[in-house]
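**Student:** Okay, here's what each chain looks like letter by letter:
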Amino acid sequence: MKSLAKLLEAAMFAASRPMTLDALGSLDPDSSPAAVAAAIDEIREHYDVDGHGVEVVEQGGGWQILTRAEFAEAIERAQVAVRPQRLSAASLETLAIIAYRQPIGRAEVEEIRGVAVGGVLKSLHERGLIDVVGRAEGIGRPLLYGTTPQFLEQFALRHLEELPRADELAIALRGVGASLIGSVDVN
Amino acid sequence: MTLPALRSHELEGGGFVVELSEFTGPLDLLLSLIRDEQVDIYDIPIARIAEQFRARISSLGLNEAAEYLEMAARLLRIKAQMLLPGVDGDTSWEDPRAELVRRLLEYQQMREVVDLLEHRGEGRRHQFARQWVPQALDIAPAQVPLALSLVDLLAAVDRVLRAAKEPTLHEVVPRALDVPGAMAAVRAVLSLRRSARWFDIISGHSEPWQILSVLLALLEMAKSGELRLTQARPFGSVEIRREVASEAA
Numbered sequence: 001m002k003s004l005a006k007l008l009e010a011a012m013f014a015a016s017r018p019m020t021l022d023a024l025g026s027l028d029p030d031s032s033p034a035a036v037a038a039a040i041d042e043i044r045e046h047y048d049v050d051g052h053g054v055e056v057v058e059q060g061g062g063w064q065i066l067t068r069a070e071f072a073e074a075i076e077r078a079q080v081a082v083r084p085q086r087l088s089a090a091s092l093e094t095l096a097i098i099a100y101r102q103p104i105g106r107a108e109v110e111e112i113r114g115v116a117v118g119g120v121l122k123s124l125h126e127r128g129l130i131d132v133v134g135r136a137e138g139i140g141r142p143l144l145y146g147t148t149p150q151f152l153e154q155f156a157l158r159h160l161e162e163l164p165r166a167d168e169l170a171i172a173l174r175g176v177g178a179s180l181i182g183s184v185d186v187n
Numbered sequence: 001m002t003l004p005a006l007r008s009h010e011l012e013g014g015g016f017v018v019e020l021s022e023f024t025g026p027l028d029l030l031l032s033l034i035r036d037e038q039v040d041i042y043d044i045p046i047a048r049i050a051e052q053f054r055a056r057i058s059s060l061g062l063n064e065a066a067e068y069l070e071m072a073a074r075l076l077r078i079k080a081q082m083l084l085p086g087v088d089g090d091t092s093w094e095d096p097r098a099e100l101v102r103r104l105l106e107y108q109q110m111r112e113v114v115d116l117l118e119h120r121g122e123g124r125r126h127q128f129a130r131q132w133v134p135q136a137l138d139i140a141p142a143q144v145p146l147a148l149s150l151v152d153l154l155a156a157v158d159r160v161l162r163a164a165k166e167p168t169l170h171e172v173v174p175r176a177l178d179v180p181g182a183m184a185a186v187r188a189v190l191s192l193r194r195s196a197r198w199f200d201i202i203s204g205h206s207e208p209w210q211i212l213s214v215l216l217a218l219l220e221m222a223k224s225g226e227l228r229l230t231q232a233r234p235f236g237s238v239e240i241r242r243e244v245a246s247e248a249a
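Going down the list, the sequences are from chains H and P. The numbering used here applies: residue 1 is where the first sequence begins, and numbers increase by one. The numbering used here applies: residue 1 is where the second sequence begins, and numbers increase by one.
Isolated chain P, as found in the complex (with noise of 0.2 Å):
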């Protein structure tokens, strides 16, 4: 019993469905009417056609599409046009058709087009040349069978070879740190002053290594209150200053 009911419901919901099969766009729908109501097309009755083009739009579903309802409006605005009089002696009243004609001549030329290369497109179908592939294949480069011998390829690695340099091999060696040689070092420069600024310990061709070192037995020192590090202002140099209690000690 629910049935029923189900089904309308889903056909009243059933929104965008394109007929793709019956009509390829507004103006092929257009002509179908005119053909079935056997009109003149350069003297369109543009009320009825208007009014059948709604119908049939909206019992295709294709009420929603945008080509076919802005073709619906068009023709509401010639049937409007349409009615308003013409002032009288006016020479210049342009049918409001006109346009509509034109294009519809404009289709009907290709779709006679249409018929004759759908003739000659069948005819060639039932027709084979050798090796047919596949027109989309067709643009794919053709895969060919390569010439090639085993003597070829392997002077071509050769070539290769003898071409390609040397490779540069780098050799990446852990070095740990000398944190308590640094140390030394920075004791060594401290017990001759009393203040040392980080480039009397770092050389400019120190290693990174080296560097770390220093900064990291620099830190240490600082830790243990062996020395003092002040720096004036931000990436300025920093100062090196023995601390005095060490110096008492």
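Bound conformation, chain H alone (with noise of 0.2 Å):
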């Protein structure tokens, strides 16, 4: 590897987090971004090739340096690290709508959900996935809520753009009526 990418293997290696191209491009200021993204797929490409057990993940806004997939259950064994928990069903419904509608009040929600979801959203904001990011206009000024960059790293999204569009799923909707109409018609 070249000394540019060993440097940014290094970084990767210290850090917790997924580290922004800015930072890792700090590192060395006499390179250009495109040497930084060369060199990053240069790492990536030596640990898919030489076959390593860990990978370089692009999620949360940067690139990070993971465990691969496969070891998961052997590593959790050994009780060397553990898995994080999994979300409640009303954590998820609370957390996908907060992603699409960003910045979103608790009546938002509660309309969209159909339940109080007071206790949800306390949780989802103990966990650091969403984060105050304003106040609405009118009565009370209620708080808003977004996602924030611990949710893309937890679903590995590189960035919000890559949930798809809300006509997208507009167009899968449309599909599950259609079946649905076809199967009353054989009734």
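Derived by calculation from the structure, the hints in this document are not laboratory data. Hints may contain errors.
[Claimed, not checked] Each computed SDA-like pair below joins lysine to any residue, with the alpha-carbon atoms no more than 25 Å apart:
#1 P:Lys79 to H:Glu111
#2 H:Lys122 to P:Glu112
#3 H:Lys2 to H:Asp28
[Said to hold, decoys possible] Covered stretches of chain P (in silico footprint by chain H; criterion: 3 or more residues with CB under 8 Å from a CB of chain H, positions within the stretch not fixed):
#4 100-113
#5 213-221
The beta carbon of each residue, even a glycine, is placed where N, CA and C say it ideally should be.
Two chains, each in its own frame: build the complex with the hints.
**Tutor:** Next comes the structure, spelled out in structure tokens:
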């Protein structure tokens, strides 16, 4: 590997969070963004071709060295690391709404889900997946919530735009509707 | 023999049991009914679905949860509105199910995102980063060891001690009241004149212990009939008058 690639590898090894392109670039001011991107590719290829137990993953707005999925169970069995807990269905629903409608207030989330979400919002906030991003105009100036970089990290998303657009989802919906009509005809 | 009876009694009085794992809310339950019945979401047979919704929440013990009850009521209202005949030629008639359908579609759309997030999150759960820390703990400031030598610590202590002012210490001296002394002073004043006022005896810069001594001396002398204390009005100046009897004595 070139010396720039080695430097970036060392930095990503030391960091516990994804490193942004800016952060990686600042390690060597003489290197262009293109050179940094090429160096990242070099490390990634090196890990893949030589067959390492870790890989370079792009997520949460940056790059991070992660263990390969196939070793997760063995690592957990040996209690070297613990997998994060799965989120409940209620938490996931709330998170999905916030991800798409942010910044969004509690009342709107409740309107879409049809249930009270106060407790769920609190636990999502404690987990660092959402944060207060502002206050709405109007009576009481309710808090507005948005997702955090940790949300992207935990769901292996590079950025929010990686989620399907709302209109793409609508097409999928119409497909479901059509199949339902079809099955009614059989009856 | 009594056991089955007891059990059924318990079931009847079971009260509020929410099957949290099964449905996340009334819309979730409604959507699952629509799916099970294989009906068109744009043309919901509202009477049938409303009846099933009611039956399901009562069998699941959800009929005491406000959100499910509210949905049951909403379904009944839509059912009633559907039964009302539309006025002929009235083009402004709106399907009473429209709002419900809009909400169901919105909810369904969100559920698709949930599936996607679940899939992505599951994949990510199988990969560890270095120094993985539980998400909740991540918010707290990182526990990093302090880079500190003993010399630094002692220097800091020295700086603090230098900067600190000499503490102001107050010494509390117990001082006994001098009642006999005060009595002598009162007698001395009264030997010159028949009456005196409080402020004739107490000077402006008397110490508290002196004031208390005089007060006790006056009370003591009044008790023994040596003098008489009068006060013309509340908080007025106290007049101290020699008792005629003691004068005679």
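**Student:** Mind taking a look at whether chain H covers the region 100-113 of chain P? Criterion is 3 or more residues with CB to CB distance under 8 Å.
**Tutor:** Coverage by chain H holds for the region 100-113 of chain P (10 residues, Cβ < 8 Å).
**Student:** Does the structure keep lysine 79 (chain P) and glutamate 111 (chain H) at a Cα separation of 25 Å or less?
**Tutor:** 22 Å, holds
**Student:** Lysine 122 (chain H) and glutamate 112 (chain P) were given as a pair; does the straight-line alpha-carbon distance stay at or below 25 Å?
**Tutor:** Between lysine 122 (chain H) and glutamate 112 (chain P) the Cα gap is close to 23 Å, so the pair holds against 25 Å.
**Student:** Lysine 2 (chain H) and aspartate 28 (chain H) were given as a pair; does the straight-line alpha-carbon distance stay at or below 25 Å?
**Tutor:** 13 Å, holds
**Student:** Quick one: see if chain H covers the region 213-221 of chain P, three-plus residues with Cβ-Cβ under 8 Å.
**Tutor:** It is violated: at least three residues are needed, and the region 213-221 of chain P offers just 0 whose Cβ sits closer than 8 Å to chain H.
Of the hints listed earlier, the one the structure fails to meet is number 5.
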